[in-house]
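Undergrad: Using the sequences plus the hints, can you model the full thing?
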Amino acid sequence: MQTATTHPGSGAAHADSHAHDHHEPSFLTKYIFSSDHKIIGIQYGLTSLLFLLLGFMLMLAMRQQLAYPNQPIPIVGGLLSKVLGNDMASQGVMQADLYNAFGAMHGTIMVFLAIVPLAFGAFGNYVTPLQIGAPDMAFPRLNMASYHFFFWGGVVMLASFFIPGGAAKSGWTSYSPLATVADLNNVINGQTLWLIGMVLLITSSLLGAVNFIATIIQLRAKGMTWMRLPFFVWAQFVTGFLLLLAFPPLEAAGLLQLSDNVLGTSFFLPTGLVYNGKQLDVSGGGSPLLWQHLFWFLAHPEVYVLILPAMGIVSEVIANNTRKPLWGYRSMVYAALAIGFLAFIVWAHHMYMTGMGTKIATFFQTTTMMISVPSVIILSALFISLWGGSIRFNTPMLFALSFLPMFGIGGLTGLPLGLNASDIYLHDSYYVIGHFHYVVAPGTIFGLFAGVYFWFPKITGRMMNEFWGKVHWFFSLIAMNLIFAPMFIQGIRGMSRRMYDGGATYFSVGVGADPGILWLNKFITHAAVLLAVAQIPFIINFVWSIWFGRKVDSDNPWQATTLDWQTPTPPPHGNFASTPVAHRGPYDYSVPGAKRDFTPQDQPN
Amino acid sequence: MEIPYAVKPRPDTGLYNAKVGIWLFLASEVMLFGAFFSTYILLRVQAPHGFWPDVALGWPHGLLNIPIGTFNTAVLITSSVTVVMAWIALKQNQFARFRKFMAVTVLCALGFLAIKTFEYREKFGHYVIQLNDGSRITGHLNVNGSSPLLWTLKDVEAAKLEALKVEVDIPNKFRFPVGHPIPEDIHKAHQAGEHHREREIKVSDISSLKAFIPSTHPFFAIYFTMTFLHGLHVFGGAMVLFYFGFIGSGMWKTDPERFTNRIEVGGLFWHFVDLVWIFLFPVVYLL
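Protein chains in written order, with numbering that gives the first Met the number 0: chain D, 0 to 604; chain U, 0 to 286.
Don't take each hint at face value.
What the hints assert, rightly or not - Some chain D residues near chain U, calculated using beta-carbon distances under 7 Å: (1) Ile212; (2) Ala220; (3) Ala251; (4) Gln278; (5) Ser282; (6) Leu293.
As the list claims (entries may be wrong) - Subject to a maximum C-alpha distance of 30 Å in a straight line, what follows is the list of computed DSBU-like cross-link-like pairs (lysine-lysine): (7) D:Lys221 - U:Lys164; (8) D:Lys221 - U:Lys18; (9) U:Lys164 - U:Lys122; (10) U:Lys122 - D:Lys29.
Worth flagging that the hints you see were computed from the coordinates, not collected in a lab.
Even glycine gets a Cβ: it sits at the ideal position worked out from N, Cα and C.
TA: Now the structure itself:
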């Protein structure tokens, strides 16, 4: 872009144009060890999209096993038995250990390596400094370190598939003592690497969180007061605090479990623990419940870490494509803050079945019902924002619109799980899987897809193809519902979430009859294949558009108001051609009397 | 490109970036150590009544050396004072004075770690021995005049000993917390100034022998975990302060304000490390 020469006085663009004359940054410093928030955002984005695909592949292999138990996995079965050995995939048939490993790693990869880094690392990094009018993050080198910790955390997690004994197989929750006794033959086993990987990922998140919060507090442009921040920034701000304060207890728990596994301590191992008919040679005196408390103290706020940035993206897209201000912006902000606070006092609703006592359960049941209120406020405000808008139904908007009912279903089906009495029945069933996948898959991931289509032109200077975007959206939406809606039925009819043959043995030998839900296993698997096929247009569209997409005709192709669109495309090092000043709120769309239907935040009165 | 407010405070927040950053980081550190303290509380409240080693999983008292712990607390508090003095010296433009206080700070940190290492070593040579009759004694081994570290029963067998000389502890009075009567014979031994009684124990009478290491008892597990992580913080902080004070102090000439900020931020971290110890000391040594 022709930005640099026109503003010789403004440091950022100036320095960028001259950097070429003096010292051309090498590929390594420009793309690998970059401290520019935009490059780091892209690094996070590409890495986490790959992990998203990998997590999805693991799930496809598991779905095959659920639908057709003990039959070889098509296409990759032979490869799996060759690479992972016959203990894991004998003649291409998924063994229980492999199913458990894939299950644990599907959850871990999706949550910690795909969605959080995409929502917080990628979008947060790329968009937040632009939207607040900052030249970069407050601590650029810390930002670089954050990505590299994340990357190595991912490498350790991937490596764990290939070590003797295979990857961690005690669920993404890694409950003790199961996680400690799952693989006693190998001291350095999948669980050990899982814990080391988690410590690296947590370190990455902590660095990121410190950086984001400091950036939002310190680097807001002149005039960018708190109530002029786009809702996306608020969402990232609250997310930052959740990560900052919730992750350290899991880091502590991870270190303690690592010590249980490697040093033989008994933090989480109860007295007299017997495994395989033999008493374990440990001191005992630990508490399995303690792991669950420390784990869920992170993992429940983590749910809001997953959902808040998606809400932020959806809010930006909806305001832009309804061409009117968000309805109830202030209520949304306060609701996000309320979520941030309440998220820390609901964790034990995951633990009703542990026998922690009815009084404690009642407390957590109450706070759980309370936290649904701010979530409903945000969702309602977004729904009401649609009213009277002249809606543009482009791809980002379609994804954002689908987010609303999908997250609604996910949220409402969570209520019976948050209530003590009904949870006793539904706990650990496919109902739970259906519930949180509605929140995270067609909820958060659709929000993230909306973000990818929405900011793609700012990042690359080219548009993604609308037609194939709509194809991607349409089939994804159908497939997501065909996958997750039947899980509610399976769960209500008593299907446990942990059976590696999809309940075939349990229902034939244990119960005696199939309650009419086993055919749904096949149905869901076919829908999952449809979902896989529906991602092909996205992948091709994404890669193709980077180089061959239609070029944007301006720096602001969506006619948006926020500062991220008032930069050159793609934004240069230092972001803004001249230091921006915010003169108005974030969503001045269709201001009566204005010449255009949008008034950018930096436009003087 | 320059990041705004990297050195000068932002007018409306009154803070420069690094100060916001370090406070946020310390908030996360509070949560980290909070989790460890919670673990301590939970492990302790669920421990059975009665004292270790009489009760296999009872909570031990009086195993740590309180005078040494108190001295170490004083060392760390001194370093916390000197790090502030160093910062004040910079504010008063007295670089030589700053260096002196910085040197004292780092030396205190290293002294703290040295004392802690000594305490660890003492624990590694201290054993709990379970006899075949079900009773347990604690004490130091005496194998040909030396006190071996980290032995197990296997090492005893490998040394082909028939009997083991043990300096059996006479429990000190901290073993019995306030309100708990001290048995008559122990009281007498204390009055006589006796701390150990040498006993010979047949190896065939021993059913297990373990040093005071994390896998021996949840108390040791949480004691070593918390003090080791705290020690790691001390070490990291000392390295950073050493870098600021000596290797990287050239910044004082080029950018004195930023350099002073660095010392302030490093000092904040140092106070936090000190504060953790001020909680840690009473919890593991005294209570």
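Undergrad: Take the hints in turn and mark each one as holding or not.
TA: Right, here's what the structure says about each hint:
1. Of the supplied interface hints, the one on D:Ile212 holds, with its beta-carbon coming within about 5 Å of a beta-carbon of chain U, less than 7 Å.
2. With its C-beta approaching chain U no nearer than about 9 Å, D:Ala220 sits outside the 7 Å limit, and its interface hint is violated.
3. Because the smallest distance between the Cβ of D:Ala251 and any Cβ of chain U comes to about 4 Å, under 7 Å, the interface hint for this residue holds.
4. Hint status for D:Gln278: violated, given a least beta-carbon distance of 13 Å to chain U, over 7 Å.
5. Given hint, D:Ser282 at the interface with chain U, holds; its Cβ is 5 Å from that chain's nearest Cβ, closer than 7 Å.
6. Contact between D:Leu293 and chain U, as hinted, is supported at the beta carbon level, the nearest pair being about 6 Å apart and thus within 7 Å.
7. Proximity of D:Lys221 to U:Lys164 is assessed by CA-CA distance (about 77 Å); at most 30 Å being required, the pair is judged violated.
8. Restraint check for D:Lys221 and U:Lys18: satisfied, since their Cα atoms lie roughly 20 Å apart, inside the 30 Å limit.
9. Between the alpha carbons of U:Lys164 and U:Lys122 the distance comes to roughly 18 Å, so the proposed pair stays at or under 30 Å and holds.
10. Using a Cα cut-off of 30 Å, the hinted pair U:Lys122 and D:Lys29 is violated, with the two alpha carbons roughly 51 Å apart.
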